[in-house]
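Given the coordinates of chain A, assemble chain B onto it according to the supplied hints.
Protein chains: 2
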Amino acid sequence: MSLEKFFNPKSVCIIGASREKNKIGHIILKNFVDGFNGKIYPVNPKAKKILGLKCYKSVSEIKNKVDLGVVCVPAKIVPFVLEECGKKKIKNVIIITAGFKEVGNFKLENAVKEIIKKYKIRTLGPNCIGVYDPHTGVDTIFNPKSRLGRPEMGSIGFVSQSGATMSIILDWMSLKNYKISKAISYGNATDVDESDLIEYLSKDKKTKVICLYVEGLKDGKKFLRVAKKVKKPIIALKGGKTKGGASSAKTHTGSIAGKSEIFSGAFKQANIIEAQDLEEVFDLARILSEQPLPKGKKVQIITDGGGFGVLTSDWIEKKGLEIAKLSDKNIRKLRKIIPPHATTKGVIDLTGDVTSDMYELSVKLAVEDKNVDMIALILLFQPPGIKEDVVDKILKIKSKKPIVIISTGGKFTEKLKRKLEENGMPCFTSPMRGVEALKALYKYSKL
Amino acid sequence: MSLEKFFNPKSVCIIGASREKNKIGHIILKNFVDGFNGKIYPVNPKAKKILGLKCYKSVSEIKNKVDLGVVCVPAKIVPFVLEECGKKKIKNVIIITAGFKEVGNFKLENAVKEIIKKYKIRTLGPNCIGVYDPHTGVDTIFNPKSRLGRPEMGSIGFVSQSGATMSIILDWMSLKNYKISKAISYGNATDVDESDLIEYLSKDKKTKVICLYVEGLKDGKKFLRVAKKVKKPIIALKGGKTKGGASSAKTHTGSIAGKSEIFSGAFKQANIIEAQDLEEVFDLARILSEQPLPKGKKVQIITDGGGFGVLTSDWIEKKGLEIAKLSDKNIRKLRKIIPPHATTKGVIDLTGDVTSDMYELSVKLAVEDKNVDMIALILLFQPPGIKEDVVDKILKIKSKKPIVIISTGGKFTEKLKRKLEENGMPCFTSPMRGVEALKALYKYSKL
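First to last, the protein sequences are chains A and B. Its first residue numbered 870, the first sequence is counted upward by one per residue in the numbering used here. Its first residue numbered 870, the second sequence is counted upward by one per residue in the numbering used here.
Bound-form chain A, shown alone (with noise of 0.2 Å):
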C-alpha cells in the first residue's frame, strides 16, 4: 500500500471533470492534459468529451486499469464515488472536495474513512489540494496558472497542512526560481499523514530536502518515531506557537496547536532544523538542497564591496562561525593579480576594481585552501571592471566546499543572479541570510 503512485501513477482519472473553465474539475484535468505523460480519464455523467477526451459516465465504465484517482465531486457524493474507486482497485485516491469534519461533518467522514479502510485506498484529504510533482505531471492545484505558478523540476520536498499556504509557496517558488521535488497537502489526513510524507519523501530518490509547514500533529509519537530515522534534513516550521496563533490554528485546520516549547523539543529530538518563518524555510532548503556541507566553521569572505565585507564579518561572528584567512601562499599568489589597495588579511576585499578573473582566482584559492570551510561570496556587479562571464568562471569552479552568494542590486544583478541559482548557487540578497544560511549547513553537518 504506498503512496508512490500518488505521484507516478501510469493513469489517472478525475472524478468530477468539469466543461466549465472556472470549475476546479476543469482545472485540475486541463493541469494533466497538459503536463501529464500516462492515460487520462476524465469521469463525467453528463459529458462525452472535455478537452478532447472522452468522458466516462462512472469509475466504473473505464476498461483500463487505473492508478490514481482524483476527486472533485460535491461532499454527499463522495461515498458513493469512493465504493466504485475500491470495487475498481485503484488503490490511491486523492479527495479534493471540502466539507467533512473541518466543518463539523463528521458523520461523512466516518462515512469516507469506513469506504477507504475497506477497500485499503491509499487516501490524501479530503479537504485538500492535494499533489504537484513536476517530474510527472501530477498537479490537482486547483488554481490557474495564470495566478499561481509552478515551480520547476527540482530536489526540495513540501509537505503543508495548509493548502493554501503550500499553493501560495508554490507560487513564490516559481518567480523566485526555486525547484521541487514534490509538494503535498494533505488536508483533513482522515487518512495519510504527515509522518507518512515525511517517510515516503525520506525515500524518495529525487528529494534531497523535506521541508514542512504543520500547525498540529495527528500523532507525535509516530512523527517523532517517522522524523528521527530519517537521513535527509527536515526543515519545519511551526504555525501557533503563541496563545494567540494556536487559537487562530484552531479556527484554522483545528488544530490543537499551542505547547510550542514540546514542539521545539520533539524538533530537537528528531534533528529537525525548525525555521522562524517563511522566508527562512527557503533559504534553508535551498542550501541544504543545493550545497556540500562543511567539515568546520572557519568562512573565507570575497567581497568588491568594504562595507559588505564588515557587515558579512559580523554576521559570521555573531552567529558562532569564524572568519577564514587564506595562506601566505595563497595570499601571494593572488597579489600578483589584485590591486595594491587590495585587502587580504581575513576579508578579501577586491574593491571597485575588480575583473571577473580576480573573483575566479580568489574562489579558486579560497576552495583549494586548508584554512577554508566555507566560502561566503559577495558578488557586487555594479563596477565597470566585472564582465558578465564572471557568473561562467564562478560557475565552473568545482568545489567540494559550499559556497553561498551574496548580491544585491537592480536589474543587471537580477540577471547575473538568476543565472548562478538555474546552476546550483544560491543567492542571497543581505549578509544575514547569506549568513544564517552558512550556519545552517554547519549546523546540520553537525548532526
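Take these hints with a grain of salt, some might be off.
[Stated by the list, open to error] Calculated cross-link-like contacts (lysine to aspartate or glutamate; reagent style EDC-like; alpha-carbon spacing at most 20 Å): (1) 1280(A) - 1290(B); (2) 1188(A) - 1146(B); (3) 1187(A) - 1148(B); (4) 892(B) - 1222(A); (5) 1280(B) - 1283(A); (6) 1045(B) - 1283(A); (7) 1188(B) - 1149(A); (8) 1014(B) - 1257(A); (9) 1014(B) - 1283(A); (10) 1014(A) - 1283(B); (11) 1280(B) - 1148(A); (12) 1280(B) - 1291(A); (13) 1284(A) - 1283(B); (14) 1112(B) - 1191(A); (15) 1187(B) - 1149(A); (16) 1112(B) - 1186(A); (17) 1187(B) - 1130(A); (18) 1187(A) - 1146(B); (19) 1112(A) - 1186(B); (20) 1187(B) - 1146(A); (21) 1188(A) - 1149(B); (22) 1187(B) - 1148(A); (23) 890(A) - 1222(B); (24) 1256(A) - 889(B); (25) 1280(A) - 1148(B).
[Claimed, not checked] Chain A is nowhere near these chain B residues, computed Cβ spacing over 12 Å in every case: (26) 915; (27) 976; (28) 1090; (29) 1091; (30) 1237.
To be clear, the hints were calculated from the coordinates, so they are not data collected in a lab. Every residue gets a Cβ at the ideal spot worked out from N, C-alpha and C, and that includes glycine.
Positioned in the frame of chain A, the structure of chain B alone reads:
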C-alpha cells in the same frame, strides 16, 4: 554656509569632464545632461565640446555664477582646482577623486583641508560617490545607469559612510520601487560629516525618514547632540559590531568601529532605531515614511489564507503587540456578505471563497473600529473570486491607522503588489517582516 546647494544648485561645473564614455568624468556629466534642469559647465582644457555642451578650459573661464562644483580630476591636481573654485566663489564642492588619507596620503588631504577652510567651501569627500537627488537631478554616481538603477522621487533620505554600500542599495531600491528624497555618501568627511547631513535632512521638507549606514563616527558628541534634536525617525545600521567586523571596517574606511554596546547605547539615547540588517533598514524606512503612527498596539489581521493568519498571529504575540477583535456590531455587518465558514473572532479569515468586496468591507470596518489600532492585511491574490480591482478598492479607503500588506506569490501577485507599493502601501512577503514593521511603527509612536 549651507548644504542646500549640494542638492539644489542652479548651476554646476564638472571639473574633469571627459569625452571617454567609461570615464567617471563622462558618466557624471551625462547624469547631469540627462536629468538636471540648471546650467551645466563641463571643464576640460583639452576638449571643445562634450555631449553637445561647450567646454571650459578652467573654472575661471566660466563667466556666470556657479553653485556647485564636482571634482573628478586626478588627486594631485585637486588642490589646484579647489583654489580655482575658491576664487570663483563656488561655495559647495563634491570631490569624487580618491587617493587621500584613505591610502595614507595625509599631505594631500591636509592641502585640501586648508584650501576649503580658506575659501569657506562646504565640501563632500574626497573619496566619495557624492549625491543622488531624484527631485533635482543632481547625480554624481559614477556607475552607468545600465548597471546601477536610480530610485524615483520619494521621502526616504539615506546617508552612508560607504560609497559602494550606498550605490548598491540605490540599485536595489530602484528594482524594488522604494523611493527616496536624497542619498549622500560622504567619503573621507574632510569637511561635511554624518552629523551635518543628518541635521540637514532633519530640516529638509522632502525627507520624512533618515537612514544611516555607519562604521565609525567622526565626532560622537556632535552626533548625539544633533540626533537628539531630530524630530524625524532615524534608522541606523552599524557595520563593525563584532571583533571580526570591526577589524574589516578598519581596513575599509579606517574607522575605529568596535564598542558595539557604546554605539547601541548612544543610538538609544538619541531615539535612533537600530536595524540589524540591510533589509530591515528598508522595511523600517518604508513603513515609517508611508504610514501614520498607531494610537495603540492592537492589530486586526484580515486574511484569505488560514496558515498565513496563524503565522501572523504568532508574530504579533512574539513581538509584544496584541491581536485586535472587531466589535460585535461590525462583525454583524461583515457577516452579511462573508461565507458562513469564514471566521471573525480575532483573525478575520475570509477563506479561499474571498471576493474583492469582502476585503474592502473588512478593511473599512477595521479602519473605523475603536478596537483596532493597526491593520495587517494579508492579501493572497490566488483565489479565483478576487478581481484585480481589489487593489483599487483598498487604495480608495482613507485610513488614519497604519496598514501593512502581507502578500506572497508569483507574477500575478507581484504585479498587484507593485501597484500597492507605488501608491504608498508597503507590502511584505512574510508575516514576520510585516509584523516587525508594525512593531517599529508602534515603538516609534511611543518615543
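Each hint, compared with the structure:
no., hint, verdict
1, 1280(A) - 1290(B), "holds (18 Å)"
2, 1188(A) - 1146(B), "holds (14 Å)"
3, 1187(A) - 1148(B), "holds (17 Å)"
4, 892(B) - 1222(A), "holds (13 Å)"
5, 1280(B) - 1283(A), "holds (15 Å)"
6, 1045(B) - 1283(A), "holds (11 Å)"
7, 1188(B) - 1149(A), "holds (18 Å)"
8, 1014(B) - 1257(A), "holds (16 Å)"
9, 1014(B) - 1283(A), "holds (15 Å)"
10, 1014(A) - 1283(B), "holds (15 Å)"
11, 1280(B) - 1148(A), "holds (18 Å)"
12, 1280(B) - 1291(A), "holds (18 Å)"
13, 1284(A) - 1283(B), "holds (17 Å)"
14, 1112(B) - 1191(A), "holds (11 Å)"
15, 1187(B) - 1149(A), "holds (17 Å)"
16, 1112(B) - 1186(A), "holds (8 Å)"
17, 1187(B) - 1130(A), "holds (14 Å)"
18, 1187(A) - 1146(B), "holds (12 Å)"
19, 1112(A) - 1186(B), "holds (8 Å)"
20, 1187(B) - 1146(A), "holds (12 Å)"
21, 1188(A) - 1149(B), "holds (18 Å)"
22, 1187(B) - 1148(A), "holds (17 Å)"
23, 890(A) - 1222(B), "holds (17 Å)"
24, 1256(A) - 889(B), "holds (19 Å)"
25, 1280(A) - 1148(B), "holds (18 Å)"
26, 915, "holds (22 Å)"
27, 976, "holds (18 Å)"
28, 1090, "holds (24 Å)"
29, 1091, "holds (22 Å)"
30, 1237, "holds (23 Å)"
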